[in-house]
Structures are given as structure tokens and as C-alpha cells.
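Engineer: Those protein sequences? They're chains R and B, same order as listed.
Taken in order, the first sequence gives residues 272 to 392; the numbers are from our numbering.
Taken in order, the second sequence gives residues 215 to 586; the numbers are from our numbering.
Rather than coming from a laboratory, the hints here were simulated on the basis of the structure.
One thing to keep in mind: the hints can contain errors.
[To be verified] Here are the simulated DSBU-like pairs of lysine-lysine, each with C-alpha atoms no more than 35 Å apart in a straight line: (1) B:Lys461 to R:Lys389; (2) B:Lys501 to R:Lys389; (3) B:Lys440 to R:Lys373; (4) B:Lys501 to R:Lys348; (5) R:Lys315 to B:Lys440; (6) B:Lys487 to R:Lys345; (7) R:Lys373 to B:Lys305; (8) R:Lys363 to B:Lys482; (9) R:Lys373 to B:Lys549; (10) R:Lys345 to B:Lys482; (11) B:Lys389 to R:Lys348; (12) R:Lys373 to R:Lys345; (13) R:Lys348 to B:Lys482.
[As the list claims (entries may be wrong)] Some chain R residues well away from chain B (every beta-carbon gap over 12 Å; in silico): (14) Glu281; (15) Ile304; (16) Lys308; (17) Pro314; (18) Leu318; (19) Ser333; (20) Glu341; (21) His343; (22) Gln359; (23) Asp379; (24) Gln383.
Heads up, the beta-carbon is just placed ideally off N, CA and C, and yes, glycines get one too.
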Amino acid sequence: METLTIKFIEDIRDHEYEVIQLHGNLDAHTLPIATRKMDEHLPKTKLPFLIFDFSDCPFINSNGIGFLMEIHMKLTKRKQQLIVAGVQANVKDILELVGMPKIVPVFDTIAQAIDHIKKRK
Amino acid sequence: MAQKSIFGKLTMRLFITVAVIGAVLYVWLPNLQELLLLRFGLEDTTRRYIIPALLLILFLVVVVNLFVEVHRPLHKVFKEMRAMLAGRPYKKIFTKRTDEIGVLAYFFNEVTRNIEHISLDLAEGKRMSKELNVGSEIQQRILPKEIPHIDGLDLFGRTRPASEVGGDSFDIIAKGENNFIYVGDVTGHGVPAGLIMVMVNMLMRTFSEIYQSGYDIIVNTNRVLKQRIEPRRFMTSVMLRWNSKEKKMYYTGAGHEHILLYHAASKKCEVLKSGGIALGMVPDVSKIIKEQALELAPHDMVVLYSDGIIEAKNMNGEMFGLERLTQQVEEYAAKATPEEVFTNISKNFAAFVGDAPQEDDITLIVVQRAEG
Chain R
272 METLTIKFIE DIRDHEYEVI QLHGNLDAHT LPIATRKMDE HLPKTKLPFL IFDFSDCPFI
332 NSNGIGFLME IHMKLTKRKQ QLIVAGVQAN VKDILELVGM PKIVPVFDTI AQAIDHIKKR
392 K
Chain B
215 MAQKSIFGKL TMRLFITVAV IGAVLYVWLP NLQELLLLRF GLEDTTRRYI IPALLLILFL
275 VVVVNLFVEV HRPLHKVFKE MRAMLAGRPY KKIFTKRTDE IGVLAYFFNE VTRNIEHISL
335 DLAEGKRMSK ELNVGSEIQQ RILPKEIPHI DGLDLFGRTR PASEVGGDSF DIIAKGENNF
395 IYVGDVTGHG VPAGLIMVMV NMLMRTFSEI YQSGYDIIVN TNRVLKQRIE PRRFMTSVML
455 RWNSKEKKMY YTGAGHEHIL LYHAASKKCE VLKSGGIALG MVPDVSKIIK EQALELAPHD
515 MVVLYSDGII EAKNMNGEMF GLERLTQQVE EYAAKATPEE VFTNISKNFA AFVGDAPQED
575 DITLIVVQRA EG
């Protein structure tokens with residue numbers, strides 16, 4: 272049975288960002304898990320940047336992209352920003368195909384994402 | 215504690231009856247015999263009167279118990295069963311018994327309850343199926359049944375939803391000078407995707423009456439669509455514009471799959487990114503998408519498709535894939551019409567997926583520039 276676990280790691284030094292690690296695929300089967308976790312977590316987080324870490328997420332389909340777009344909209348309303356990082360090659364291809372990097376920053380590594388956040392200060 | 219078996223209950227009662235009668239006789243038999251002899255002059259009363267009387271009492275006890283404990287409750291249960299089987303109104307059987315009759319009554323109640331649920335589900339299922347068929351008919355009406363004539367082009371295309379109502383669409387809008395061909399794919403499939411597909415079809419058609427470029431049609435379709443769909447939904451699309459006067463082809467990408475451009479001269483397929491961003495993701499795509507020229511020489515072909523084709527899997531879990539589709543276009547496109555290319559790819563696709571169920575909508579369009 273496909274599953275997805277999500278871990279939340281806060282930047283305890285500068286309190287600027289939180290890393291949300293996805294472990295598993297993000298598709299129609301695991302979407303209810305992702306939705307429930309984020310519905311519980313989002314109201315509690317006030318940090319300006321949320322970095323979705325895709326290092327351990329080998330697959331995403333249109334359902335997963337729709338989920339990310341919903342998160343992006345909710346964060347934008349609260350003046351927070353979604354960043355996607357650690358994407359594997361096939362995930363990156365899918366995100367680029369639908370045009371998501373044009374509105375949500377997408378980086379190959381977490382370090383690049385953090386660097387991007389620091390440079391915005 | 216309630217008896218769990220009628221047989222046990224009746225046996226116990228018979229035993230008690232025999233025991234009571236036996237005890238009474240044991241104590242009172244000599245007195246009874248004396249009384250019958252002195253009062254009525256009856257001799258040999260045990261054999262001639264007492265035993266038959268006892269047997270009669272026992273018989274009555276058995277009969278009454280059978281009537282009360284077995285016949286009457288069974289009659290009630292069978293009455294409701296006969297009513298149910300004959301299609302007449304029936305009632306639930308209320309009982310606190312836990313013996314065989316109780317089990318029978320409980321079984322009847324459970325069976326009838328399940329039958330009622332199934333009937334409701336079947337009725338609801340029939341209603342939903344009817345509505346899905348209506349939805350499917352509406353979609354079929356708006357999809358092109360015949361390929362319209364466009365000066366300078368030959369084309370063929372079809373779409374097949376995964377369920378009664380799908381999220382894939384294509385349209386061919388022949389307007390004389392500027393002609394539009396697009397393919398679209400809504401997130402997911404089924405009724406919600408189908409409704410968005412119909413909405414986009416209407417918007418694209420309407421805006422093609424007002425605007426002369428794929429860019430303007432896509433930007434305005436997106437603007438109206440974004441206001442009306444939930445955040446998780448979006449539609450990828452790519453629109454071709456053929457100017458029959460200039461004999462030039464353009465394309466506007468909205469986050470869709472790659473475009474395959476077959477060059478007749480080299481017999482090779484070029485794989486182009488369609489670019490842009492999917493419809494419904496952001497309110498304003500005017501700075502993100504653009505209409506670009508496509509170098510299309512006579513006999514060259516453009517192939518548009520939805521991801522349902524390249525992501526289709528066979529029984530071994532192997533994906534059809536973009537590479538396989540590209541190879542097949544190169545194999546079949548030389549000296550073939552768009553319909554022939556479509557048919558050959560379709561046959562190969564069907565052979566590849568075999569008996570694997572169709573999990574997503576599939577669309578394939580082949581467009582060729584004619585001679586001249």
C-alpha cells in the first residue's frame with residue numbers, strides 16, 4: 272500500500288523558514304494524507320518561507336501539483352511563500368511542463384533554496 | 215438465562231411435567247386408588263384410568279407447548295416471509311428469543327434490511343448512471359464528430375475518456391483565415407473534470423469569435439476559468455493557429471505535453487516544449503505565455519496528444535512513453551495521411567496496453583501541411 276509521511280523541520284536559528292520533508296509519492300493515493308497533515312499544520316506556522324523537500328519523493332502527478340498550487344494560494348494570502356526544492360529529475364520535468372516554476376521557485380537542493388531566502392533579505 | 219434451543223426448552227418442560235406428576239402419584243396414588251374404589255366402585259384403576267389420564271395430560275402438555283413455542287412463532291415468521299416473497303408489504307419481526315425461532319426472525323430482519331439497502335443503491339446507481347450518460351452525451355455533442363475542412367491542412371483526431379465523462383478535449387475551429395486546433399487535459403477525470411472541459415470548450419470557441427491569436431484566446435480563457443474552478447484544478451493545453459493565407463503555423467502552450475513536429479524531408483521527429491503555464495493556476499498568464507511560430511514545411515506533421523497516452527501502462531507496468539510515441543510517428547508518417555498515422559499509432563497503442571484498464575483519458579491529433 273502506497274503511503275506518504277511528512278516531517279516538519281523548523282529553522283531554529285533565524286526562524287525564517289520551515290522545511291517540510293515528503294517521504295513517498297505525491298499522487299491521488301497519498302493526497303488525502305498530505306491534505307490532512309497540511310490542514311493541521313498550516314494554521315500553526317507563521318514563518319515567511321515553507322520549503323517542500325522533494326528529495327525522498329520520486330513521483331508527482333497532476334493531483335500532487337494541484338495540491339501544491341492550493342498550498343501556494345493559501346500561503347500567498349497570508350504573505351508567506353512556497354518553495355519547492357530537492358526535486359528529482361522526473362519530478363522537475365513534470366513541474367516544468369505545467370509551468371509551475373514560473374510562479375513557485377523550484378530548486379535542485381535545499382541549500383540552494385536556503386541561499387535564495389537569505390539573498391532576499 | 216434464556217434457553218438457546220427449543221428442543222432443550224420443550225424437553226425440560228416435559229421432564230418437569232413428568233417429574234411433578236410422578237411425585238404427585240407417588241404420594242397420592244394409594245389414596246387415589248382407594249378413593250376411586252370406595253366412591254365409584256372402580257377396580258384396577260391404575261391400568262384402566264390413571265395411566266391413560268396421565269398419558270392424556272402429557273399429550274396435552276406436549277401439544278400446548280408445541281403450539282405456543284413452535285407453531286405460533288413460526289407462523290408469524292412465515293407470514294412475513296410469504297408477504298416479502300409475494301411482493302406484498304411486510305413487517306419486521308420483533309422478538310427477544312435467542313433460540314432457533316429467534317435466530318430465524320433475526321435472519322429475516324437482516325436479509326430484508328440488506329435487500330432494502332441494495333434496492334436503494336441500485337435505484338441510486340441507475341439514476342447516477344442515467345445522469346452520467348446524459349453528461350457523456352453532452353460531451354460527445356461538443357467534441358468534433360467530423361473533421362472540418364481547413365485550407366492547406368489535412369488532419370485527424372479523436373479522444374476517448376476513461377469513464378463516461380472525461381477531462382480531455384480537443385477542438386478544431388475553422389474560420390477561414392485563422393484556424394485553431396487545440397487539445398486540453400483537465401486534472402483528474404470523471405464528472406468534475408468533464409464540467410471544466412465543457413466550460414473551456416465554450417470559452418475557447420467564444421473567444422475565437424473575438425480574437426485572432428492563440429495568445430489572446432488562452433489569456434482570456436484562463437482569466438474567466440480561474441474565477442470559476444477550485445484551486446486544485448487546472449487544465450493543460452496547447453493551441454495551434456494556422457493562417458491559411460500566410461500558410462504559417464503558430465502554437466501557444468499552456469503547460470501541456472510536448473509537441474511532436476515531424477519533418478518530412480529528414481523523416482525525423484522534433485520534440486518541442488509547449489511552454490507557458492497551465493490554465494487555472496494563476497489569474498493572469500499574459501506575461502507567462504506566448505504565441506510562437508512553428509516551422510512547418512509541406513507534408514510536415516504536428517502531433518498533439520494528452521498524457522493519458524504516454525503514461526498508459528501495460529499489464530507488466532511498463533509505460534507507453536514519449537520515446538515510443540515519437541518512434542511510431544517517425545515510422546508511420548512518411549507517405550501517410552494523418553488518418554493513417556492516427557490509425558497505426560492507435561493499433562500499436564491498443565496492442566501495447568492489452569487488457570490493462572484505461573486509467574486516464576486519451577487524445578491524439580495529427581495535423582499535416584498539404585502540398586503548396
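Engineer: Taking the hints in turn, state whether each one holds.
Structural biologist: Status of each hint after checking the structure:
1. For the proposed pair Lys461 (chain B) and Lys389 (chain R), the alpha carbon gap of about 51 Å is over 35 Å, so the pair is violated.
2. For a cut-off of 35 Å, the pair hint linking Lys501 (chain B) to Lys389 (chain R) stands: about 27 Å separates their Cα positions.
3. Pair hint Lys440 (chain B) plus Lys373 (chain R) holds up; C-alpha atoms about 17 Å apart against a cutoff of 35 Å.
4. Distance check on the hinted pair: Lys501 (chain B) and Lys348 (chain R) sit about 21 Å apart at the alpha-carbon level, within 35 Å; holds.
5. Proximity of Lys315 (chain R) to Lys440 (chain B) is assessed by CA-CA distance (about 28 Å); at most 35 Å being required, the pair is judged to hold.
6. At most 35 Å may separate the alpha-carbon atoms for a hinted pair to count; Lys487 (chain B) and Lys345 (chain R) meet this at roughly 30 Å.
7. For the given pair, Lys373 (chain R) sits about 66 Å from Lys305 (chain B) by alpha-carbon distance, which is inconsistent with the 35 Å threshold.
8. As the CA atoms of Lys363 (chain R) and Lys482 (chain B) are separated by approximately 27 Å, the hinted pair is consistent with the 35 Å bound.
9. A distance of roughly 40 Å separates the Cα atoms of Lys373 (chain R) and Lys549 (chain B); the hinted pair therefore is violated under the 35 Å criterion.
10. With a CA separation close to 45 Å, the supplied pair Lys345 (chain R) and Lys482 (chain B) exceeds the 35 Å bound.
11. Only pairs whose Cα atoms come within 35 Å are accepted, and Lys389 (chain B) paired with Lys348 (chain R) is rejected, the gap being roughly 42 Å.
12. With a C-alpha separation of about 18 Å, the suggested pair Lys373 (chain R) and Lys345 (chain R) falls inside the 35 Å cut-off, and the hint holds.
13. For the suggested pair Lys348 (chain R) and Lys482 (chain B), the alpha carbons sit about 48 Å apart, so the restraint of at most 35 Å is broken.
14. Annotated as non-interface, Glu281 (chain R) keeps its C-beta farther than 12 Å from every C-beta of chain B; the closest such distance is 26 Å.
15. Against the 12 Å criterion, Ile304 (chain R) stays outside the reach of chain B, whose nearest CB is about 15 Å from its own CB.
16. Chain B leaves Lys308 (chain R) outside its interface by the beta-carbon criterion, the shortest separation being 16 Å against a cut-off of 12 Å.
17. Every beta carbon of chain B lies more than 12 Å from that of Pro314 (chain R), the smallest distance being close to 17 Å; the non-interface claim holds.
18. Non-interface call for Leu318 (chain R) relative to chain B: holds, since the shortest CB-CB distance, roughly 21 Å, exceeds 12 Å.
19. Not every CB of chain B is more than 12 Å from the CB of Ser333 (chain R) (nearest about 4 Å), against its label as outside the interface.
20. In this structure Glu341 (chain R) is not separated from chain B by more than 12 Å, as the shortest Cβ-Cβ distance comes to only about 4 Å.
21. Some Cβ of chain B comes within 12 Å of the Cβ of His343 (chain R); the nearest lies about 8 Å off, and the non-interface call is violated.
22. Annotated as non-interface, Gln359 (chain R) keeps its C-beta farther than 12 Å from every C-beta of chain B; the closest such distance is 17 Å.
23. Against the 12 Å criterion, Asp379 (chain R) stays outside the reach of chain B, whose nearest CB is about 19 Å from its own CB.
24. At the 12 Å boundary, the C-beta of Gln383 (chain R) stays outside the reach of chain B, the nearest C-beta of that chain being 22 Å off.
Violated hints for the displayed structure, listed by number in ascending order: 1, 7, 9, 10, 11, 13, 19, 20 and 21.
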